[in-house]
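Chemist: Sequences and hints are given; from them, build the entire structure.
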Amino acid sequence: MGKRMVRYAANVATPAAATLSTRECEVLRWAAEGKTAYEIGIILGLTERTINFHISRSIAKLDASNKTNAVVKAVLMGLIVFA
0 MGKRMVRYAA NVATPAAATL STRECEVLRW AAEGKTAYEI GIILGLTERT
50 INFHISRSIA KLDASNKTNA VVKAVLMGLI VFA
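Take the sequence shown: its letter number 2 is residue 1 in numbering that gives the first Met the number 0, and every next letter is one higher.
Keep in mind the hints are simulated off the structure, nothing from the lab.
Nothing false has been slipped in among the hints.
Think about it this way: if two alpha-carbon atoms lie no more than 20 Å apart in a straight line, the pair counts; the simulated EDC-like pairs of lysine to aspartate or glutamate are:
{"no.": "1", "residue 1": "Lys66", "residue 2": "Glu32"}
{"no.": "2", "residue 1": "Lys66", "residue 2": "Glu38"}
{"no.": "3", "residue 1": "Lys60", "residue 2": "Glu25"}
{"no.": "4", "residue 1": "Lys66", "residue 2": "Glu25"}
{"no.": "5", "residue 1": "Lys66", "residue 2": "Glu47"}
Modeler: Here it is, written out as structure tokens:
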């Protein structure tokens with residue numbers, strides 16, 4: 000992720016009540032790894048449409064402008080971590 004995006008996300012207020020489901024966190028984590036919705040679907044055994052639904056819900060819950068912004072916000076909030 001670019002440093003500018005991280006700085007931008009850090010300066011944007013995120014609703015404290017934003018909580019993601021386990022599946023939404025899992026999908027965003029794979030997205031952070033650079034996987035497409037199609038690839039995530041194969042990994043998780045779900046359809047591409049279902050993956051896009053989870054991404055859309057995550058974007059809405061985190062008040063993000065797009066998938067990348069949602070991933071950055073989730074990382075900064077500690078909702079997804081990398082082992």
